[in-house]
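Using the hints, build the complex out of the two chains.
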Amino acid sequence: MKILFLFIFLFHISHVNADEIYNLLKIPNLEIYKLKNDNNIRYLSAKGNFKIGPNKNITCDKVNLDNLNAKFPIIEKNLNKYNSDFLKKIRLKYIVLCQNLFISEINTGGIPNNKNRTLILDINFNQKYFERMIHHEIFHMIHNTHIKYFDEDKFSSLNQTSFNYAECSTCSNRLNLDLYEKTHGFLTEYSKSIPSEDMAEIFSFLMTDKEIIKDIISTDKILNKKVNFIKSNLAKIDKNIL
Amino acid sequence: MIKTIKASKSEKVLFIFLISLSIFAFSSFFLLKNKCLFVEKNNLNTLEFIEPNNIAVMNIECGNVIIELYPDVSPKAVERFKILIEKKMYDGSAFYKVSENTFVQAGDIEYGNINNLDYSKIGSGESGLGLLKSELSDDFKFTVGSVGFARSAEFNTEDSEFFITLKEIPIYQGEYTPIGKVIRGLDILTKIKTGNKAIYVLRPDYINTFRMFNSN
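Taken in sequence, the protein lines are chains A and B. Sequential numbering of the first sequence, starting at 1, is according to the numbering used here. Sequential numbering of the second sequence, starting at 1001, is according to the numbering used here.
Worth double-checking, as some hints may not be accurate.
[As the list claims (entries may be wrong)] For lysine to aspartate or glutamate, the following DMTMM-like pairs were computed, each having C-alpha atoms within a straight-line distance of at most 25 Å:
hint : chain 1 : residue 1 : chain 2 : residue 2
1    : A       : Lys-88    : B       : Glu-1154
2    : A       : Lys-26    : B       : Glu-1154
3    : A       : Lys-115   : B       : Asp-1138
4    : A       : Lys-115   : A       : Asp-38
5    : A       : Lys-93    : A       : Asp-238
6    : A       : Lys-62    : B       : Glu-1100
7    : A       : Lys-26    : B       : Glu-1110
8    : A       : Lys-81    : B       : Glu-1175
9    : A       : Lys-88    : B       : Asp-1139
10   : A       : Lys-210   : A       : Asp-220
11   : B       : Lys-1041  : B       : Glu-1051
12   : A       : Lys-36    : B       : Asp-1138
13   : A       : Lys-26    : B       : Glu-1100
14   : A       : Lys-225   : A       : Glu-152
15   : A       : Lys-34    : B       : Asp-1138
16   : A       : Lys-81    : A       : Asp-215
17   : B       : Lys-1191  : B       : Glu-1040
18   : A       : Lys-236   : A       : Asp-38
19   : A       : Lys-93    : B       : Glu-1051
20   : B       : Lys-1035  : A       : Asp-19
21   : A       : Lys-36    : B       : Glu-1154
22   : A       : Lys-26    : B       : Glu-1168
23   : A       : Lys-221   : A       : Glu-189
24   : A       : Lys-214   : A       : Glu-152
25   : B       : Lys-1087  : B       : Glu-1100
26   : B       : Lys-1167  : A       : Glu-31
27   : B       : Lys-1141  : A       : Asp-85
28   : A       : Lys-115   : A       : Asp-151
29   : B       : Lys-1087  : B       : Glu-1061
30   : A       : Lys-115   : A       : Asp-61
31   : A       : Lys-47    : B       : Glu-1168
32   : A       : Lys-26    : B       : Glu-1175
33   : A       : Lys-89    : B       : Glu-1135
34   : A       : Lys-115   : B       : Glu-1135
35   : A       : Lys-81    : A       : Glu-105
36   : A       : Lys-89    : B       : Glu-1175
37   : A       : Lys-225   : A       : Asp-215
38   : B       : Lys-1121  : A       : Asp-19
39   : A       : Lys-93    : B       : Glu-1068
What the hints contain is simulated information worked out from the structure, not anything from laboratory work. It should be emphasised that the depicted structure is a prediction, and the values quoted were computed from it without experimental measurement.
Next up, chain B with everything else stripped away, as it sits in the complex (with noise of 0.2 Å):
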């Protein structure tokens, strides 16, 4: 005849512990492995602007940059920033160049987008609309969040690649054409991905779409 023997009190907590663990883990799993999970997305319906003619909004995988454009302080600069964004010419472009809390970089349009990715290229496409002068501010300071066009060794090469600070760069005043300043969803970029230690990020993270906010 078999007995059976019943499970004492603490064996069943320590069961129950074990299970409620190994859920716990499991979902963990995925919850942890989505890095948008905790940053809030800017939902567009939700938001109104003062000037929302100069309001861009960048979307990427965890949500939406709301960026506030300068054109008092780099007119040609963010008018060409603006064509740039009606033209859709950002849309997929990968940001290549990222380094960890300091900046991203996006807007190579000929060799940096993600369906046409040239690494060996990336860095030194053009959108074909010329090149820039750069319009330097001895005012503009480049705090958290700051957006400025990109440019070679050489002034006056400015055409579409942009920067996003995501510290203060004091040594940049003076140095970068600045178009603006992120006012919504910093949070948001620092979950891009970044190259570690490498200059370059390998398979990238890119922007899904640029607009004007008027137009959304």
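Isolated chain A, as found in the complex (with noise of 0.2 Å):
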């Protein structure tokens, strides 16, 4: 009797504002910004906080509008550098706006969820990076609808025999998104996190300073491989990408 009582009472309390996005996204407190664009990406902005994840761990605040409208030409026009066919092949119709994104109290720019084809941006990451890290986050996304075009163990092997990854992504302090001036085989220091981590800044680069990226190959021998693995079985999805 005791049980019935705790879960009436639980079910009470549990108040999740069920409208219609959160019945599509399960992310509360959203609103729509943009709906029609020509690559059917949907823009979504959060007009609360909201804390989502299995324990909550990821957590983000309600956008300034002043802010949003400021920042947004830069991520449309980010975005729009993908057409509808692709983004369907790598599952991303959704971008949510927010402040101060979180995961497990580490500031993070993006946080994709391609089972709910969403994308999580934070608009107040460091402008420095800001349309860089929206394609890495989109190469996660990539790499999670294809994994076996962008196998890791392969990847790995291009790096010089003595090179190891860290554990995970964050358990390292290589943190650092700079390039490098000498690259020695890695674009950044966080390229040396993990090897999904390297390939999406390669990516990154790829779709934001491809000229950069053109002289760097022509003497970092290790890079060039990487380069061309990334191009070569980006190809496999779409041509016409980078």
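Now the structure itself:
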């Protein structure tokens, strides 16, 4: 009987904002920001703070509309680089825009979720890396949907044999996102964290600074192989992305 | 000797006012409690349709909700919907998910029947007829009264659960398989019990009967 009362009590207090967007994406406190776009992507913004995830370990704050209006053209410009067919293949349809995104208390620029076809973006993420971050996160969606094309062992074997990646992306202090002056196979310090982050970093540069990459790979043989690995496998999904 | 004191005119008026006020309050208690009081019931004997084969009638507490089905838009989904109706599988199905003025959802055959509600599993039940492929339409707009098949996070998981929108929901366009539209009885749907801000409704309202218009 006590359990029944407890159940009924929990049932009444577990208030979730059961609106139409929550019903679709399982993220509360969202509203439509821009719905119609050429590549069918749909932009939603946080009208209130939200906590999601199995342990509510993903948190993000409501957007300041002026802030979003100022940054939206950059976001849209970068996402317009992808056509609707490609976005369908990588299961991305919804961009959730919010501020101060954290996962397990670690600040992050974006969180991809292929299952719900959603990418959450922190519009307050360091503006220096903001555009690159968008493509970095999109690569994770590409990777998640096309694991067989981006085999991590194959990719890792392109490095010098003496090099080892960290155990996970956040369990090392290799977090800097600045481009190395001397690359030696890696574009940034964060590239050295794990293979998928290394691939995502290369992809993000290819999408934003193609010319820089062209220069670098003319002298960096390892990076040249890595870039070719990314390019050739991406071409299997869509020949026009890079 | 006891003197009788006659009530003044104003005292009489006050007395009559108090009596009428108490009668009004007493009757209001019963009248206002009836949520269906000012809702049109939609008497089927007075209704005629051009394509009665595609008209379904959902009877709930406040009256009949008339739904026109769109087999041209989603043939497989409408076929499934008709089978479920004809087999009377929706009878007793609870509106367990209701968002006020937004949508109502029912149709969990396995765990969502009012006689056999299982709150721990509701929303995951099956009809036994198998899953359907999503029939998405980029042209179908989810305006007020649109009926669509519900699904899990994945496409091609439609079975028996359906929802009816109580407002225009543009974000659902191309996301859910449309089945039809409510052509009468929208205000009946707005009387369905909500869960306040909770996602699920405790002691929910339910479908009395769901029939094709022709079979009535």
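Consistency of the hints with the structure:
no., hint, in the structure
1, A:Lys-88 / B:Glu-1154, "holds (13 Å)"
2, A:Lys-26 / B:Glu-1154, "holds (13 Å)"
3, A:Lys-115 / B:Asp-1138, "holds (21 Å)"
4, A:Lys-115 / A:Asp-38, "holds (22 Å)"
5, A:Lys-93 / A:Asp-238, "holds (17 Å)"
6, A:Lys-62 / B:Glu-1100, "holds (23 Å)"
7, A:Lys-26 / B:Glu-1110, "holds (23 Å)"
8, A:Lys-81 / B:Glu-1175, "holds (23 Å)"
9, A:Lys-88 / B:Asp-1139, "holds (18 Å)"
10, A:Lys-210 / A:Asp-220, "holds (15 Å)"
11, B:Lys-1041 / B:Glu-1051, "holds (21 Å)"
12, A:Lys-36 / B:Asp-1138, "holds (12 Å)"
13, A:Lys-26 / B:Glu-1100, "holds (17 Å)"
14, A:Lys-225 / A:Glu-152, "holds (14 Å)"
15, A:Lys-34 / B:Asp-1138, "holds (17 Å)"
16, A:Lys-81 / A:Asp-215, "holds (22 Å)"
17, B:Lys-1191 / B:Glu-1040, "holds (12 Å)"
18, A:Lys-236 / A:Asp-38, "holds (23 Å)"
19, A:Lys-93 / B:Glu-1051, "violated (37 Å)"
20, B:Lys-1035 / A:Asp-19, "holds (23 Å)"
21, A:Lys-36 / B:Glu-1154, "holds (22 Å)"
22, A:Lys-26 / B:Glu-1168, "holds (19 Å)"
23, A:Lys-221 / A:Glu-189, "holds (18 Å)"
24, A:Lys-214 / A:Glu-152, "holds (23 Å)"
25, B:Lys-1087 / B:Glu-1100, "violated (30 Å)"
26, B:Lys-1167 / A:Glu-31, "holds (15 Å)"
27, B:Lys-1141 / A:Asp-85, "holds (22 Å)"
28, A:Lys-115 / A:Asp-151, "holds (21 Å)"
29, B:Lys-1087 / B:Glu-1061, "holds (21 Å)"
30, A:Lys-115 / A:Asp-61, "holds (22 Å)"
31, A:Lys-47 / B:Glu-1168, "holds (19 Å)"
32, A:Lys-26 / B:Glu-1175, "holds (14 Å)"
33, A:Lys-89 / B:Glu-1135, "holds (18 Å)"
34, A:Lys-115 / B:Glu-1135, "holds (19 Å)"
35, A:Lys-81 / A:Glu-105, "violated (31 Å)"
36, A:Lys-89 / B:Glu-1175, "holds (16 Å)"
37, A:Lys-225 / A:Asp-215, "holds (14 Å)"
38, B:Lys-1121 / A:Asp-19, "holds (21 Å)"
39, A:Lys-93 / B:Glu-1068, "violated (30 Å)"
Hint compliance for this structure: hints 19, 25, 35, 39 are not met, and every other hint is.
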